[in-house]
Amino acid sequence: MLMLEKRPQPSKAWTLAAPLLAVVLTMICGGLLFAALGKAPIETIRTIFFDPLFSEFAWFYRPQLLIKGAPLALIAIGLSFGFRAGIWNIGAEGQYIVGAICGAAVGLAFYPTESFLIFPLMVIAGVLGGTLWALIPGILKVKFDTNEILVSLMLVYVAEQLLASMALGALRNPDGMGFPGSRNLAKYDSASSWISENAGMHWGVVAAMIAVIFAYVTLSRHQFGFNVRLAGQSPRAARFAGVNPKLLVLVCMGISGGLAGAAGLFEVAGPAGQISIDFNVGYGFTAIIVAFLGRLHPIGILLAAGLMALTYIGGEIAQSNLGLPGAAIQLMQGMLLFFLLMVDVLTNYRLRFGKGATI
Amino acid sequence: MTQPLLALSGLTKAYPGVVANKDVSFDIMPGEVHALLGENGAGKSTLVKTIYGLVKPDSGTMMLNGTPFTPAEPRAARASGVAMVFQHFSLFDAMNVAENIALGMENPPPQREIAAQVRAVSDQYGLPLDPTRIVGELSAGERQRVEIIRCLLQDPKLLIMDEPTSVLTPQEVEILFKTLRKLSAEGTAILYISHKLEEIRALCENATVLRLGEVVGTCDPRATSARDMAELMVGTALHVPERAARPAGETVLALNGLSAKAPHQFGTALRDITIDVQKGEVLGIGGVAGNGQDELVAALSGEIRTATGMVRFEGESISHLGPNQRREIGLLTAPEERMGHAAAPDMSLIENAVLTATTRKELSNKGFLNWRKARSFAEDVITTFDVRTPGANNAARSLSGGNLQKFVIGREIMQDPAVLVVNQPTWGVDASAAAAIRQALLDLAAKGTAVICISQDLDELMEISDRFAALNEGRLSDPRPAQGLTVEEIGLMLGGAHDMEVSHVDA
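Chains as they are written, first to last, in numbering that gives the first Met the number 0: chain A, 0 to 358; chain B, 0 to 506.
Do not rely on the hints blindly, as some may be mistaken.
[Stated by the list, open to error] Straight-line alpha carbon distances no greater than 25 Å define the calculated DSS-like cross-link-like pairs of lysine-lysine that follow: (1) B:K260 - A:K142; (2) A:K245 - B:K365; (3) A:K5 - B:K48; (4) B:K372 - A:K11; (5) B:K21 - B:K55; (6) A:K245 - B:K260; (7) A:K142 - A:K11.
Think of the hints as simulated: they come from the structure by calculation, not from any bench.
From just these sequences and the hints, can you work out the full model?
Structure below.
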């Protein structure tokens, strides 16, 4: 018989090995899945995981990694604070949209004035927009004890409606011959978030790096990071240690909303370029996977964001070159999270074979 | 004379450092409600675990219906007709009542059949319970009914109940007692473990009193006063307080009419607690669990805020201050529950040192934690209080209860408090560690700290207290000097009879 035995304390080795093993298991099972679809498994896996980095067209794909990875890392870092404290903000997608709308509105209001002040103002507006959107479920939870998971998720759909109305109404390009969508901010120098479009570098990439470092220092060295971890592990001990649980809810919701809003702003002012009806592509939801794949650890999140970006780009290549269905790629991404959670058990538990006579 | 249902003779069980049961013998007759009475640590749990097959005795024999009874595991005990309702329930919140009951069965019949059986048993014994309800939505009393019905479905001859009323409301206690009386009338013997004397007097026909693992007496609770039973439980040979009476010092902490609502459904409201605590004294607060101990600690630690003036420190009201502000002025606490309240189980001892010591030990600078300093503080606590652990990096949950308790108490003592509040400082701690903790509290008081020690162990309180007071239903009796206090007086204080005394004085 197979038995699980709780370890006296979490295994350090497994904490590190679990994500790697999960990736390997995903490759194996993904390969089997692709074989069942009639594709050459090794070649497909190679196309998804290696071609974006090492093929002859890698010069085109590598910048894409930064563009896709940056918003994922930025949002996931924000979410990781709340997740560690047991505060479940599932609505980063909505905060991302509202951040983009607010930031873009500020930029568009100044069009066509050129000033170096415009972009910083847009960033502030984007962060504020995301923060306020996230504080709605936060305040409702603190005041009325509502469930932040449901409220934050439902606000995503509200934000999507808001986005559509903005793209069709208030923020529509007056010179756009009636087509939905705003002016292109990426082509408006003072509002563009690009640093180097060819290298895939925009201010969102820089912000993601800063967020990783900031989160690392906060979680490992600062009292606030300690309080976050404590509240997640032992809420009662946290109150005993003087942590105000309501304030913690608001701060964690605020941080995750602010970073999601910033990610939205950097996206709308760069890679996306404009507010359009289909501006959001699910970064806010994928970031939840990224946060857990990275064990809620800043460095882990950085690596996980890179890996998820890789599967996105590799998946697109596989779709166009090998004719793989898009759903198969999503299935593989889901597999990754599934295997991670499965292998995760080994961090806290030990496998025992045999009768398990000793209890 | 009829044959006893269960006859215990000479049961002995020793653990390293402590003898839990020593030559315990008594009989339980069929249909009898038999009380097992004793203070915490008297060996009640070990004894019932032996009967239930969880613990193997070192020596001694048990006879069930005249045949030798040596259950190797609970399953064997259940098969012989012994069932037990534990103090802590083992139920799955997400499943319904019938599913939970099926889980405990060897060969569960189909759901519909179980549901029908549950309905039948719950009607028969007056235990209202709907088998389709989700356990997560049930009150503690209803959850207990699930456990009881689970036992009754096995048609037991002996039902063991471990402190069943500690989680119940008074109305639920009434329902439970009716059920138990009915069971007893039908011939099921009940072994009822408790230290609530009035309950035992209301319910039981026979009582065996355990003290330090030995049977110290038997009585008929219906014919014996609560005071006499308390005396048996506490023992006639009370420790003479080793501390001489000392002149009253300066008041450092004053509670003025401290009142607070119950923080949750099964909590106890604090009612008008007034007391002055002086520098260098040990104030012992006794009382049966659930009479406001946790709430009093929370009101002192700052987890519960109260109206202005109710808690004063050196004359200033500190009712509005949070836990860390109270630590800053020197009011430190060590709550009863170690895992998850006083300490975070999954965090290392270093991190657990940071949990309460940041303010006073200056473990942080502008919010940035100084892990090196935290480590050296944690290591100091470990060395000074002889905490047995491979190192400060180990998770708190890897420590035994006693060792973690030494760490938790040591962590507060080494922060040099002006007032230290401890709740159950030696609960679940072996004898030598308990002695070390008590000595540390006395040493602290000798240095001028006011120590408030809340405990259910009366011996402990008599050993270390200068003054003694009792909590009863959220009220605190007037404190009395511990020296010269008799067992009768303590019994009266614990029973809440101090109210009557006051009315005598008024009259």
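How the hints compare with the structure:
1. B:K260 - A:K142: holds, 20 Å
2. A:K245 - B:K365: holds, 22 Å
3. A:K5 - B:K48: Answer holds: A:K5 to B:K48 is near 24 Å, not above 25 Å.
4. B:K372 - A:K11: holds, 24 Å
5. B:K21 - B:K55: holds, 14 Å
6. A:K245 - B:K260: Within the cut-off at roughly 20 Å; holds.
7. A:K142 - A:K11: violated, 39 Å
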